[in-house]
Structures are given as C-alpha cells and as structure tokens.
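Now for the letters of each chain:
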Amino acid sequence: MADPQQLTNFAWAFTSLTELVLVFYLVNRGLYRSHPAFLFYILAAIFQSLAVAFVYHAWGFRGSTVWWIAWGSQLLLTGARWLASFEIARRMLSGFTGIWGLAKRVLLVASAIVLVYSLTFFQGNLQYKVMDMERGLKLAIASFIVLLFLFARYYRVPVFPLERILAIGFFLYSCFSVVNFTLFEPLLEKYSNLWNFLDILFFLATLVIWIYAVRIFPVERLATSAVQLSPEYYGTLSGQINLRLRVLNDRLAHLLRSEDPHP
Amino acid sequence: MTVTFLLFLLAALILISLLIWAARPQIQETRSADEVLQALAEDRHYHHLPQILQSLRPEDIEFLKRCGQPRLVRRIRNDRKRIALRYLAEFHKDFGLLLEAAGVLAMMAPDLAAMREWERLKLSMGFAIHCQYLSWRLRLGLAPWQAFSKLSEMASAMTLQLETVTTRMAERSAIASELHSYSE
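Sequence order for the protein chains is Y and V. Under our numbering, read the first sequence as residues 1 to 263, first letter to last. Under our numbering, read the second sequence as residues 264 to 447, first letter to last.
Treat the hints with care, since some could be wrong.
Output of the computed footprint for chain V on chain Y, the stretches with three or more beta carbons under 8 Å from beta carbons of chain V [claimed, not checked]:
id : segment
1  : 34-46
2  : 92-103
3  : 145-151
Every beta carbon over 10 Å from chain Y, so not counted as near; a handful from chain V, in silico [what the hints assert, rightly or not]:
id : residue
4  : R334
5  : L335
6  : I346
7  : R349
8  : R402
In case anyone wonders, no lab produced these hints; they're calculated from the structure. We treat Cβ as the ideally placed atom computed from N, Cα and C, and that holds for glycine.
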C-alpha cells in the first residue's frame with residue numbers, strides 16, 4: 001500500500017500539471033484578455049506549488065519558517081481567488097450600471113461580514129488563527145458567489161455558460177474546503193495527510209470543471225442594456241412600481257385578514 | 264461535536280442549497296424591455312375581477328341549499344374553488360409582471376436606490392408567501408370567500424391606477440429609446 005505522504009505528493013504534482021493544461025487553454029483561447037485575474041490566480045497557484053515544494057525539499061516539513069511560508073502563500077493565493085471571483089461578478093453585472101453599483105456594495109459588505117463571522121471562531125495559537133482566516137476567506141468567496149447568482153436571478157441578468165461554470169467551480173472548491181477543514185480541525189495532528197489529500201482532490205476536480213468550461217464555451221461580450229434611463233425617470237418609475245406592488249400586496253393581505261371559513 | 268463545527272456545516276449547507284436554487288437555468292422566457300412594457304400596457308387579468316367575483320357570490324349557494332340540491336351545491340363549490348385558484352394564479356402573474364418591469368427598469372437605470380430595491384424584495388417575498396398560503400387554504404376548503412367579494416369594491420380603482428402608471432412607463436421608455444437612437 002502506498003505511503004499517504006507519497007500519495008499526497010503524487011496528487012499535488014498531478015494537480016500542478018492540470019493547472020498547466022488550464023493555463024495553456026486560457027492563453028490559447030485568448031482568455032488572458034477577458035479574464036486576467038483568473039489567469040493570474042492560476043499562475044499564482046502554480047508558482048505557490050513550486051515555491052512550497054522547494055521549501056519542503058530544502059528544509060523539510062517541520063519548522064516554523066516552513067509553516068509560515070506555506071500558509072502565508074496560501075493566504076495570498078486565497079486573496080487572489082477572491083479577486084478572480086470579483087472579476088467574474090464584474091463580467092456578469094457591470095454592463096448594467098445601476099445593478100452593478102448596488103451589487104458591488106452588497107457583495108463587498110457581505111464578504112466582509114462573513115469573514116468577520118468566521119474570525120470570531122479563532123482558537124488556539126497563531127498558526128491556527130492563520131488557518132482560520134483562510135477558512136473565513138473561503139467561506140466569504142462561497143457566499144460571494146451565491147449572492148452573485150441571487151442578484152443575477154432577481155434582476156433576470158443573463159449569465160453566460162463560461163462565467164456560470166467558473167463561478168460554480170470557485171464555489172464548490174471554497175465550500176468543500178471549508179467543510180473539509182471544519183471536519184478535520186480537531187484531528188489535524190493525526191490526519192493532516194488525509195485532510196491535505198482531500199483538499200487537493202477537490203481542487204483537482206475544480207480544475208477539471210474549469211478546463212471543460214474554457215475549452216467548450218466561448219467568451220461572450222459583456223451583456224449591456226441598450227437603453228439608459230435618466231436617474232429622475234428611474235426614481236419616478238421605480239417608486240410608482242413599488243407603490244403598485246404594495247397595493248397588490250395589501251389587497252392580498254386584506255384577503256387573508258378578512259377570511260370567512262364558510263362558503 | 265463543537266458549536267464551530269455545527270455553525271460552519273450549517274453555513275455550508277445553506278450556501279449549497281441557495282446556489283442550487285439560484286444557479287439553475289431560468290425556465291421562464293426572457294422578454295425584452297419593449298415586450299415587458301408592452302405587456303404592462305395590455306389588458307390585465309384583474310380587469311375581469313368584477314365578473315369573477317360576481318360568480319363567487321354566496322347567495323346562490325344559499326338558495327340551492329334551501330332547495331335541497333346537495334350534489335349541485337358540491338359541484339358549484341368545486342367550480343368556485345377552481346375559479347378562485349385560477350384567479351389567484353393570474354393575480355400572481357400580474358404581480359410577477361410588475362416585478363419583471365421593475366427588473367427591466369433596474370437594467371436601464373444608471374444607479375439603483377438600495378432602500379427601494381430592498382423594499383421591493385420584501386414585497387415580493389411577502390406576496391409570494393401570502394399567495395401560497397391563500398392557495399393552500401383554498402385547496403383545503405378553508406376558502407376566504409367573503410374576502411374575495413370585498414375585492415370587487417377596490418378592483419376598479421386599482422385597475423385605473425395601474426393603467427396610469429403603465430401608460431406613463433411605456434411613454435417614458437419610448438422617449439428613452441428615441442433619445443438613444445438619436446445619440447447613435
């Protein structure tokens with residue numbers, strides 16, 4: 001039976017190769033122009049893998065410097081992941097100035113709230129706190145993606161397949177990573193290899209989904225509204241529509257209040 | 264099992280459920296801005312409310328009961344339930360159309376007022392819950408027949424108000440379209 005550490009290393013190397021395949025497709029299909037933050041994130045992931053592999057090879061797995069290099073770079077990588085998610089949100093909504101203006105504020109505030117919520121569960125020493133912060137960032141990314149889809153659905157904004165799949169990939173990896181860390185948190189000393197291996201597997205699955213999306217779906221131009229209303233028109237019409245909605249809602253509430261159970 | 268574990272797991276489950284709901288493909292047809300505004304200006308379902316309410320009046324049921332026609336009473340009750348449910352569905356459609364128009368407006372707007380959007384979200388959620396509740400009451404035979412008849416008094420005023428708003432919306436949209444075509 002293979003040594004768990006060897007298995008993890010093999011999965012890690014295979015993931016790096018898959019990342020290279022993704023970079024090839026991103027460059028080949030010209031996505032470096034439309035999705036620069038996404039390309040930067042994948043390149044950063046490759047660079048981080050190489051750097052950490054070099055550090056492990058030179059100084060071994062133990063030691064506080066090694067730990068800080070590994071987790072510090074991981075934290076930066078998660079930040080790059082958040083930026084790539086933000087780029088997808090921009091591509092989905094920025095064609096609609098008003099919606100994007102509101103969505104940007106809501107998404108940023110929501111991400112900050114989720115991050116703060118996660119950080120309230122700080123425990124243990126400083127090393128654990130860095131890991132907690134990474135989990136918080138991942139949860140913030142997952143919430144960001146969900147809110148983004150809710151926005152798109154509420155305003156009936158068309159979501160192109162490439163953006164949809166890229167966003168779902170970010171969500172799946174972030175969410176499973178949060179669950180994985182939460183499950184293994186009390187057992188990290190004992191099962192760190194298994195935890196690491198599962199995390200790499202989730203990331204590998206996400207890479208496969210992204211490669212599929214990048215290969216199959218074309219890069220669409222940003223969806224925009226052909227007509228732009230002035231702020232005054234929007235204010236008046238929107239207020240009137242809300243008034244009508246309230247009238248219909250009140251009628252229904254009235255129905256519910258004045259019931260007669262006997263037909 | 265710690266509180267942290269449960270909270271994070273719960274958060275993940277909620278997020279996954281929300282994503283499945285939000286990321287599913289839209290089954291309703293997407294209409295253009297012009298089509299939505301055109302639809303708003305068309306004849307609405309609540310225009311026929313007085314006739315529907317007329318058919319729901321309880322007097323004839325009372326009359327049939329007095330005449331000793333239980334089978335006929337049952338049939339008429341079922342028919343009325345069906346009519347009331349259809350009316351409720353159309354009422355829901357009218358509300359949905361207004362929401363769609365609001366979405367179209369939001370797409371064309373240079374800036375959205377957060378409080379107004381929040382109010383609309385609350386209204387749409389409240390309406391959906393009320394509608395569902397009323398629909399279940401009707402299905403279970405706990406029908407608010409009396410309340411339906413009260414609607415007739417308000418129907419004509421509501422229709423008039425909505426017509427005014429939608430006509431104005433269509434006019435403004437046409438002006439905006441013209442301005443846009445001039446600028447091109």
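Q. For which of the previously enumerated hints does the structure constitute a violation, in increasing order of number?
A. 1
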